[in-house]
Amino acid sequence: MTLMKETPPPKQTNTPTAPHARPAADFSDAPAASDVVIRTDRLTVRYGTFEAVKRVSMSVLANQVTAIIGPSGCGKSTLLRTMNRMNDFVPGVSVDGRALFHGDDLYASGADPVALRRRIGMVFQKPNPFPKSIYRNIAWGPKINGYRGNMDELVEHALKQSALWDEVKDKLHNSALALSGGQQQRLCIARAIALQPEVLLMDEPCSALDPIATARIEDLIDELKSRFTVVLVTHNMQQAARVSGVTAFMYMGELIEVGDTNMMFTKPGNPKTQDYITGRFG
Amino acid sequence: MTQSANMFNTRLPRRRLVAGLFAGMFLAITLIGVAVLAILIVSVAGEGWSSLSVKFLTNPPSRLWPENAGLNSALFGTLWLTGITIVVSIPVGVGGAVYLEEFARDNRLTRLIRINIANLAGVPSVVYGILGLAVFVRWLNFDRSVLSGGLTLSLLVLPVVIIASREALAGVPPSIRHAAYALGATKWQTVRAHVLPAALPGIITGVILALSRAVGETAPLIMLGGLTFCTAVPDGPLSDFTAMPIQIYNWLDEPQPEFHHLAAAGIIVMLGLLLSMNALAIGIRAWKQRRRLS
Amino acid sequence: MTAHFVQLLDDLQRRSMRMASLVEDVVQEACEAVFDGNEKLARRVIGRDQEVDVEEVQIEAEVVRLTALYQPVGSDLRLLYTVLKTNNNLERIADCAVNIAERAEYLDRLAVGNQVNTVRQMTGIVQCMLRVAIQAYGDQDADRGYKVQSEDDAVDATYAQIIRSVVVDAAGNPDNMAAYLDILSIAKNLERIADHATNIAEDVVYLSTGEIIRHQQR
Numbered sequence: 001m002t003l004m005k006e007t008p009p010p011k012q013t014n015t016p017t018a019p020h021a022r023p024a025a026d027f028s029d030a031p032a033a034s035d036v037v038i039r040t041d042r043l044t045v046r047y048g049t050f051e052a053v054k055r056v057s058m059s060v061l062a063n064q065v066t067a068i069i070g071p072s073g074c075g076k077s078t079l080l081r082t083m084n085r086m087n088d089f090v091p092g093v094s095v096d097g098r099a100l101f102h103g104d105d106l107y108a109s110g111a112d113p114v115a116l117r118r119r120i121g122m123v124f125q126k127p128n129p130f131p132k133s134i135y136r137n138i139a140w141g142p143k144i145n146g147y148r149g150n151m152d153e154l155v156e157h158a159l160k161q162s163a164l165w166d167e168v169k170d171k172l173h174n175s176a177l178a179l180s181g182g183q184q185q186r187l188c189i190a191r192a193i194a195l196q197p198e199v200l201l202m203d204e205p206c207s208a209l210d211p212i213a214t215a216r217i218e219d220l221i222d223e224l225k226s227r228f229t230v231v232l233v234t235h236n237m238q239q240a241a242r243v244s245g246v247t248a249f250m251y252m253g254e255l256i257e258v259g260d261t262n263m264m265f266t267k268p269g270n271p272k273t274q275d276y277i278t279g280r281f282g
Numbered sequence: 283m284t285q286s287a288n289m290f291n292t293r294l295p296r297r298r299l300v301a302g303l304f305a306g307m308f309l310a311i312t313l314i315g316v317a318v319l320a321i322l323i324v325s326v327a328g329e330g331w332s333s334l335s336v337k338f339l340t341n342p343p344s345r346l347w348p349e350n351a352g353l354n355s356a357l358f359g360t361l362w363l364t365g366i367t368i369v370v371s372i373p374v375g376v377g378g379a380v381y382l383e384e385f386a387r388d389n390r391l392t393r394l395i396r397i398n399i400a401n402l403a404g405v406p407s408v409v410y411g412i413l414g415l416a417v418f419v420r421w422l423n424f425d426r427s428v429l430s431g432g433l434t435l436s437l438l439v440l441p442v443v444i445i446a447s448r449e450a451l452a453g454v455p456p457s458i459r460h461a462a463y464a465l466g467a468t469k470w471q472t473v474r475a476h477v478l479p480a481a482l483p484g485i486i487t488g489v490i491l492a493l494s495r496a497v498g499e500t501a502p503l504i505m506l507g508g509l510t511f512c513t514a515v516p517d518g519p520l521s522d523f524t525a526m527p528i529q530i531y532n533w534l535d536e537p538q539p540e541f542h543h544l545a546a547a548g549i550i551v552m553l554g555l556l557l558s559m560n561a562l563a564i565g566i567r568a569w570k571q572r573r574r575l576s
Numbered sequence: 577m578t579a580h581f582v583q584l585l586d587d588l589q590r591r592s593m594r595m596a597s598l599v600e601d602v603v604q605e606a607c608e609a610v611f612d613g614n615e616k617l618a619r620r621v622i623g624r625d626q627e628v629d630v631e632e633v634q635i636e637a638e639v640v641r642l643t644a645l646y647q648p649v650g651s652d653l654r655l656l657y658t659v660l661k662t663n664n665n666l667e668r669i670a671d672c673a674v675n676i677a678e679r680a681e682y683l684d685r686l687a688v689g690n691q692v693n694t695v696r697q698m699t700g701i702v703q704c705m706l707r708v709a710i711q712a713y714g715d716q717d718a719d720r721g722y723k724v725q726s727e728d729d730a731v732d733a734t735y736a737q738i739i740r741s742v743v744v745d746a747a748g749n750p751d752n753m754a755a756y757l758d759i760l761s762i763a764k765n766l767e768r769i770a771d772h773a774t775n776i777a778e779d780v781v782y783l784s785t786g787e788i789i790r791h792q793q794r
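Chains as they are written, first to last, in the numbering used here: chain A, 1 to 282; chain B, 283 to 576; chain C, 577 to 794.
Bear in mind the hints are in silico, worked out from the structure with no lab data behind them.
Heads up, some of the hints might be wrong.
Said to hold, decoys possible - Here are the computed distance ranges between Cβ atoms for each label pair:
{"hint": "1", "chain 1": "B", "residue 1": "Thr468", "chain 2": "A", "residue 2": "Asn236", "range": "28 to 38 Å"}
{"hint": "2", "chain 1": "A", "residue 1": "Glu153", "chain 2": "B", "residue 2": "Gly377", "range": "30 to 40 Å"}
{"hint": "3", "chain 1": "C", "residue 1": "His580", "chain 2": "B", "residue 2": "Trp569", "range": "49 to 59 Å"}
In this text, a Cβ means the ideal position worked out from N, Cα and C, and glycines have one as well.
Sequences and hints are given; from them, build the entire structure.
In structure tokens:
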């Protein structure tokens, strides 16, 4: 990974130089351990012989929206799915390196993916509500995970948190498939957060939606970050710029650069990042 | 604009003519098929209609008095056979399909099993009759009972049920499964709550079509020795039996034309039964669809 | 779409450089006019300033348009931002040049003999600063940017020195007050031009490195 060409510092400044987005694999100023929720350490994911993710090391911080951007096929969705072990369902997949959730290795031999997935939830690219009522869509996850509280309250709370309550409160027992695309996606978000996960993984959640529905979900993501940690994969750079606090840029399976979103979009350190965000290559 | 239009020789009139000719040809072929079917039904109905009565359904068959002969034992025999087939083939068939489609790993063994099931679906029903004779009648000593008949028919329709169920399960979009897994569900929880219910219309249709086939099978039952003349309604799984196709065949074998009318009437009853079963299948599908979309 | 945007950015940069050239000429002519007492040249300066004003408005409109339509990020964003600010600084420089040129008609050079040479030297330094700042802008050269920034203190010191000199002389020769005021005005405007040139240089450093070095101790 090339660093930007160093310029001579001005004489005798007493304000510190403004920080650049730091190149990947730089642990010299790693954030405080209590802030890191998920950390990958030279994570490599292969489909058969094809390396989709190559030695990626990055940290996801608590109560932040971390966006992962990059051109199609760069491995960002694969990286995301590694975090809740949804890659397990792809035949021929193999994982090297480590993915740590609060310090515990997700791929250790004793680790239970089913238990993991309650704590790390996921929202998919195309809304996929169950062909059941709105109520049962949200109540099913908690039910199978042994929820002991008041289910009606839980459903209402989840729908309020995803800004869908007002639109559906009178028709909770109607089929979820009768909702519009944007509403269905908010329902899927409500379904995921009803389990009170710590982390919410979102795989291009707005790519199947119109601009108005997209805007509402972006507002929602902004609100959610106070209660959850969000990792967002998106091919829409402007969305990453609007919504996230930390942005990671991936290209051809490698993590090129990761840093504060503001820095990444005003003065990225790596020329590849610069070329990508200015649209100089796909 | 005119420049590009001149590059094409569209020959539209000729193309329309050809399209019309093919459409007409396909229509004619279809009509021939429908016409043949209509002729068959009309001729059977014409011949058997007069023999239909409540008495026909409640009387046992008789060799001597065609005017008193009825379908009683055969009808109940068929119903018993169908019942046993349902009880055996649905759990085994649907369960097998669930295992093969959801739980089995994709290795050589499962692929082998899948191929063999497809082959078994094409085996002539007589072979199943021979199998049933050897295993159920002789080896397990069930003798020539309705249980042997039912089990043999179950084996016959099992591949069809498995294949239809597997198709229905495979038709459930993977996104539903992923959604369930992402909520921290085990494979069985996912299958039970989401995959099976979604596949149910397809499974039910497949089961009913398989049963329809079972109702009409004659050859395996004859191999088993389902008594060709039996007046008794089965009173238990181990009793002797006869079935509608066998009874109809019997009547056709008699020289008197009155028995042929009875056979025609029997065919009408059997057709009625099959049509009802198919209507039930369609009805269940439609009900499930409506429930899903409400 | 991007190729088109890149072309538009290039066109904008060239246009901004042409304006910078124009402003350089204007400053040079203003200095000449005031020290030679050339009223014709002074009027030309004032005429060309109007050209500068029109161009400033058009360049600004183009920057706003490109920002709205193309949502630039990274170095493209810094470029547009720098073009906008430089545009503004150049227009102010031209205004200062006009102020200087306007003194051409009135300045009594003999009366302010003590200060004239110093001010002449000052014009040389300030024009040099402006030239280097514009070169840095054209090449996006941060090194030259830093150099210009470092010259500004000397200019301020020279200006302070001229004020002191005038104060002393004016106390002794109050009849020449008009001339003293004129020379002070010229020096003031030169000092302002130096400040604006420094602003341009600092913005060039931002464009090139992404660091904001304004208002720092040097």
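Self-check item: Cβ distance range 30 to 40 Å for Glu153(A) and Gly377(B), holds or violated
Solution: holds (38 Å)
Quiz item: Is it true that Thr468(B) and Asn236(A) lie within 28 to 38 Å of each other by Cβ?
Solution: Since the Cβ atoms of Thr468(B) and Asn236(A) sit about 35 Å apart, the hinted range of 28 to 38 Å holds.
Quiz item: Taking 49 to 59 Å as the hint, is the beta-carbon distance of His580(C) and Trp569(B) inside that range?
Solution: holds (58 Å)
Checked against the numbered hints above, the structure breaks none of them.
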